[in-house]
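J.: On the provided structure of chain A, position chains B, C, D, E and F with the ligands as indicated by the hints.
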Amino acid sequence: MKLIIAIVKPFKLDAVREALTAAGVDGMTASEAKGFGRQKGQTEIYRGAEYEVNFLPKVRLEIVLDDDKVEAACEAIRSAANSEKIGDGKIFVLSVEEAIRIRTGETGAAAI
Amino acid sequence: MKLIIAIVKPFKLDAVREALTAAGVDGMTASEAKGFGRQKGQTEIYRGAEYEVNFLPKVRLEIVLDDDKVEAACEAIRSAANSEKIGDGKIFVLSVEEAIRIRTGETGAAAI
Amino acid sequence: MKLIIAIVKPFKLDAVREALTAAGVDGMTASEAKGFGRQKGQTEIYRGAEYEVNFLPKVRLEIVLDDDKVEAACEAIRSAANSEKIGDGKIFVLSVEEAIRIRTGETGAAAI
Amino acid sequence: MFMNKLKNFGLIAGLTVMASPAMAEVPGETAFIFNTLLFLIMGAFVMWMAAGFAMLESGMVRSKNVATICVKNVALFAIAGILYYVVGYNLMYSGVDAGFIGEFSMWSPDDSAYLGETPDFGEGDTYAAGSDWFFQMVFVATAASIVSGTLAERIKLWPFLGFVALLTAIIYPIQGSWTWGGGWLSEMGFADFAGSTIVHSVGGWAALTGALILGARSGRYTAAGTPVAMPGSSMPLATLGTFILWLGWFGFNGGSQLALGSAENAIAISQIFINTNLAAAGGVVAAMIASQMVYKKVDLTLALNGAIGGLVSITAEPLAPTGGLAILIGAVGGLLIVFSVTVLDRFKIDDVVGAIPAHLVCGIWGTLAVVLSNGEASLVTQLIGIASVGAFVVVTSSIGWLVLKAVVGIRASEEEELLGLDKSELGIEAYPEFSRS
Amino acid sequence: MFMNKLKNFGLIAGLTVMASPAMAEVPGETAFIFNTLLFLIMGAFVMWMAAGFAMLESGMVRSKNVATICVKNVALFAIAGILYYVVGYNLMYSGVDAGFIGEFSMWSPDDSAYLGETPDFGEGDTYAAGSDWFFQMVFVATAASIVSGTLAERIKLWPFLGFVALLTAIIYPIQGSWTWGGGWLSEMGFADFAGSTIVHSVGGWAALTGALILGARSGRYTAAGTPVAMPGSSMPLATLGTFILWLGWFGFNGGSQLALGSAENAIAISQIFINTNLAAAGGVVAAMIASQMVYKKVDLTLALNGAIGGLVSITAEPLAPTGGLAILIGAVGGLLIVFSVTVLDRFKIDDVVGAIPAHLVCGIWGTLAVVLSNGEASLVTQLIGIASVGAFVVVTSSIGWLVLKAVVGIRASEEEELLGLDKSELGIEAYPEFSRS
Amino acid sequence: MFMNKLKNFGLIAGLTVMASPAMAEVPGETAFIFNTLLFLIMGAFVMWMAAGFAMLESGMVRSKNVATICVKNVALFAIAGILYYVVGYNLMYSGVDAGFIGEFSMWSPDDSAYLGETPDFGEGDTYAAGSDWFFQMVFVATAASIVSGTLAERIKLWPFLGFVALLTAIIYPIQGSWTWGGGWLSEMGFADFAGSTIVHSVGGWAALTGALILGARSGRYTAAGTPVAMPGSSMPLATLGTFILWLGWFGFNGGSQLALGSAENAIAISQIFINTNLAAAGGVVAAMIASQMVYKKVDLTLALNGAIGGLVSITAEPLAPTGGLAILIGAVGGLLIVFSVTVLDRFKIDDVVGAIPAHLVCGIWGTLAVVLSNGEASLVTQLIGIASVGAFVVVTSSIGWLVLKAVVGIRASEEEELLGLDKSELGIEAYPEFSRS
Ligand SMILES: Nc1ncnc2c1ncn2[C@@H]1O[C@H](COP(=O)(O)OP(=O)(O)O)[C@@H](O)[C@H]1O
Ligand SMILES: Nc1ncnc2c1ncn2[C@@H]1O[C@H](COP(=O)(O)OP(=O)(O)O)[C@@H](O)[C@H]1O
Ligand SMILES: Nc1ncnc2c1ncn2[C@@H]1O[C@H](COP(=O)(O)OP(=O)(O)O)[C@@H](O)[C@H]1O
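Protein chains in written order, with my numbering: chain A, 22 to 133; chain B, 22 to 133; chain C, 22 to 133; chain D, 504 to 940; chain E, 504 to 940; chain F, 504 to 940.
Okay, chain A solo, but in the shape it has when bound (with noise of 0.2 Å):
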């Protein structure tokens, strides 16, 4: 099994997770996040005193899912997340050693 950690802008949240679905991903987790990168910051004023906005919004989203589908997840994101605008994100892939789902007990690929 594998971990895909994408960061995605925020805008494109519903389009990756029905292009996820698409792609047979049955389950994940979203969560807010702020990303710091190529993508700059403006330069904000307030109240005359001028400070950086570092880290722009970013939706996470963690997808648990057979090592088989990994290939078509990412292309998923990566097709549905792309405005071809820089800061659209990134996608990282993790090994996971073990699933567990909390209502059932199954675990391993029957978890996800």
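The hints are simulated quantities; they were obtained by calculation from the structure and are not laboratory data.
Think of the CB as a built atom: it goes at the ideal place given N, C-alpha and C, for glycine as much as any other residue.
Only true hints are included.
So, partial list: chain C residues that the calculated Cβ filter (under 10 Å) puts toward chain D:
(1) 66
(2) 67
(3) 69
(4) 70
Calculated cross-link-like contacts (lysine-lysine; reagent style BS3-like; alpha-carbon spacing at most 27 Å):
(5) D/851 / D/799
(6) C/61 / D/799
(7) F/851 / F/908
(8) B/61 / E/799
(9) D/800 / C/61
(10) D/800 / C/106
(11) F/800 / A/61
(12) F/908 / D/800
(13) A/90 / A/23
(14) B/23 / A/23
(15) A/90 / C/23
(16) F/799 / F/851
(17) C/90 / A/23
(18) A/90 / B/61
(19) B/61 / B/106
(20) B/106 / E/799
(21) A/106 / A/61
(22) F/799 / A/61
(23) E/851 / E/908
(24) F/800 / F/851
(25) C/90 / A/61
T.: Chains B, C, D, E and F with the ligands only, in chain A's frame:
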């Protein structure tokens, strides 16, 4: 060392924390998340327009711990978070290569 | 590639970001978190009822980077986040199998 | 109407004067306009209290129940207005005749005496019928608002509104008729200037009865009975609500002088404004000091409740006390808040916003405190008034709650409660955004 | 001025009286003060509605556009005040003479008749010129506030303020002159007591025109035309805004009686307060029931819109109906809200806060409903009034919007919209904190 | 009392009239009621400003300090009321006799002249003593509110309240006695109609002194002295607060006419309402344009400060200017805001909400601007008034702050500051929820 990522229902947070403490886990990090899975969100109506609430509120827990505590911890989470209702959540286990306590610089098992 | 997860005190975020940039890290993702550990929360009183604030506010940073930058990055985080007070936080290092830049499709080291 | 209140007219800030011929200086029609204006403006201030309750309660419930408490507050104000028009007012004020109840009929204004060729403006004590209706209506809405705060986070929407209908159409008007409608309590000399008992305790008793029948929020008390704190979602909204109530109370108490058409009345209303403000101030300071001493920290929500407790405490007699006494009366109210919050918890009575301490406990205290400054009031009569109104409201409310419970159910399921009423009942969240950006 | 309105003076709550000699009982100067006071206090209440619109709109837009809607609301109130002073008032009230337009000149007060050795206070119908200006000014601001809500989340700041300038300096005053300024519509007998058409529909037409020219928010309708819900960021702020508007409306309608210097006026204003309140209540209850029946859930935002719809509906004639009729008129308004929200969506007209249903649809309904209680009003004249004002505002607003669009552009780019106007236009976020701790 | 103000009575909107026999048309008792009513209603509006400051400050501090700022605002209003009763009023108004200070004694009302067989209502300039007390009390609370905003996020709760006690019981009343109490400044002809200097600058000087002694929030300026932005937590609450203040200001300035019992007064108050509104509008527009030009973006918080700056600027003379001049006076205030915010930062004076620019800088400007329209005012006298009040408040406040600093400490530790005062001082969070669902 392992990293346990547990996705649970928000109102189970306190019970899970207590169960983990009882199982000898001394530290953990929680964050807000929204989950998509078998538990389907409701269809809501706002000003006459239907909309799917696809993501349901969850709490995401991260616990780094020694290999030998993983089983007990998973069991603690499972029994505390289980309400036998769909959407109770998931436990994922990943391998951790290193841990460092910022304050002291301790590493490995001593750091957690 | 590695994934560094760093849990730090919120007011240290800017210092850590600067230290990481100085250490040659170009991207990172931050999210809000609450931590439970040795640093104990206060007992608060609300309308005469005591309650334990078990979880304290933290910021959670994720940084994916090349293996050879891990040490420098950990050191940067450690020195910037250290206030020598309990609760300063943790650094965890995990192994990452793949990274993809959504915008370009670049993978591996080129993606981060 | 208002016979009991009219008795107070001669009493100015602790100094009794004879009706003087100089009163005739204000022409009848001018006095009529002043009196009417008083009702309208002060009534508008009291109407504004509906927003105060809505904000206070929005700030003191958890986010998952905020939209529901908003809808309840808007709806109860609407229902109270309609029902007080259709049945409540006449039940309270029409043909009570020293008795126990008025008439079941729809209110309509009759201002014919003040129009036409030879209008008769009486002794300067007349006003447009509609202005009086408006002023009375906003009072009944206040009583209903009190209930919503206590029962928040677990009562279902429509049954709650059903109870509001009963309270505003029947329960409140009937007991109101006993005193302000010129019924038996007014004959006995029961003194409750602006409604510590008649408005605030009535809301408080109905809330208490509801809280007992409904039970506490799940998780509010541990198995061992220890209270579990459930902090409210927004302290600035709670603060805003309190300031709104404070402002509205000038209308509540000031307008209850019922006339502005003479210097005496203007002087009386000025004294009422001062005492209202000082009692609130006393309540805040006392609650802050008490919470600092007992809990070693100032509890903002107790300070806010302290303001309301002080205001309720002075409401039964905001005219006769000196400013100094008003501070003390309010301060006792503030102390009562801090201690009765704990007492309620001991009995596992779950009052989300602290309405029972503020409106019921301080309402009783305020009604008793009348004897400190109003020489015409007797402690025994005050106790009879408190007890009879309390008994009536407890009995009728219990019937109402139990019937609603049996017929439609009043309590959200535990699952709905955990999810929050906003999602389970309204399908709308108060703060719905996933990500704020 | 206000000739049409003055005609209503003799009509008290459905009962016509003859001018009686007793009216003379209120001395001229006293009546002058009462009338002035009415304008000032009721005007202050209406001014407060600016905060109501700001809060309602802040609660109904998404967080990323909240700071922008705040700045728009503060700025439009400022601009409306200045321009109504510099040009609007005289364009509306000076030298209209049964015609189509007043004078282009700056307003200045002339109270010389009421000062000096031999002041002349008329028949008790005089007031300080400035108090009237103040009362009229807050009305024009209301019309401008309506526009900001509909067009939120996508219109650029400065072009929006440019339109506000046009609306408050030119469009509103010219059509206002036709009726309240004593122009041709008032000659025809068009009856619009406090402005269902003249204020609310005017704002509504301008908003509708803007919404059509501006287009919907991106993502608001799917390719298939299905509306996509975009829930507002804060239900308690939306609720607060509605309560503020409800309170302010007592001033809006009550002050439109334009005089308080006699018992008749005081009685009339009392009736207006009652009807205003009952219509709002009817709107809330009807909208709640309708949304429960149609959608199986109570929609808080429709209940809030229902209150406003009820208020707008009674505004054209808040005096003549009985309370019962006022409830009905308001309830129809509440129903119209629930249904027209859906109709607008069918035409992909994106109205963020529901201002078009509340102010335009109910404004039309209210103007027609005048004939239900006011015997002097004719349905045909009402229709002529509605249509002519509508046509004028649609044409002039269209010109305004199109010129602005051509010259400076009115719409934020899609990217700016996605980012939120707060970041793209103001560089400030409404809730900027990364972590709240 | 109010001798200086009474001088203004004859001056109506820039046109001096002779006391005319027609004034006698309003009977003495009727005028008495009007005057009293003016104080009560306008006083209630000013009381509402306490909520405005609370909301403005809640919106402009970071979440971790919001509950604390709420408790401070409620508590300071309570304390100001009690102390102004116990000592402040008489220190300001009793036996000043062209001197420097009144009497140390508790206030109590004396209305005996207006009651009894032969009441004496003077020349129509009398009012209930209590109504005047109420109106004066809400002013002192305003001065105290100003201080809390500047010093937010770092001052400890109880020491702050200690300073409030000193300010409201001693400092404010003594300097107030010099002008409004009929003391030496009023003898000199110092003109400050509603308190640009006497209320706003006093609060501003006390805030400035406190800011200097307390120091900036940690992290507010870099080592190099560059200011670091610390955006406030909620722009809609800040906007709400500003609208509340704007509304309250009609009471602040309008009530300061001190009488409503004649046509002249009614006309004067109307002019005051207009000028108050136009100055605020001018302040908003000027601040918006200035911030657009200097920073290329509109800064909402500067626009809000601009409204307040405009309001403060017109407060010293809201009656004499024409509307056009009022716009200009307010606009200069708005510009002063934008620039003095930067100047304060240059000196590392950390003013969280911008109270010093709005209340002190614009207070000085407004006091000087009196000479633009009030022919009786002299620039030299105005400068003397500004300087003497400023010097007195700076010295006495410094003593107060330094004693508090030495005895109990006034500043939260750096750790407490980082954690936020809500957690360290109150143990309660303004928005405490971990997860909103
Ligand atoms: N090394 C990294 N580790 C973790 N997250 C990263 C890293 N680099 C970028 N990100 C995340 O991806 C987002 C987009 O990256 P950015 O460099 O701005 O643009 P792009 O993805 O187009 O190259 C960042 O805002 C951040 O959240
Ligand atoms: N493959 C997955 N990857 C990541 N998170 C998941 C995955 N599947 C489910 N989750 C998380 O677990 C939660 C519960 O899953 P769900 O399928 O609804 O119910 P259950 O756990 O009872 O099977 C989801 O809301 C989501 O947060
Ligand atoms: N085993 C763990 N797994 C995950 N997070 C942890 C763990 N232990 C501590 N943390 C995180 O690190 C934070 C700091 O830890 P704590 O024990 O309080 O102090 P210190 O880091 O100084 O030892 C915690 O608040 C929590 O967020």
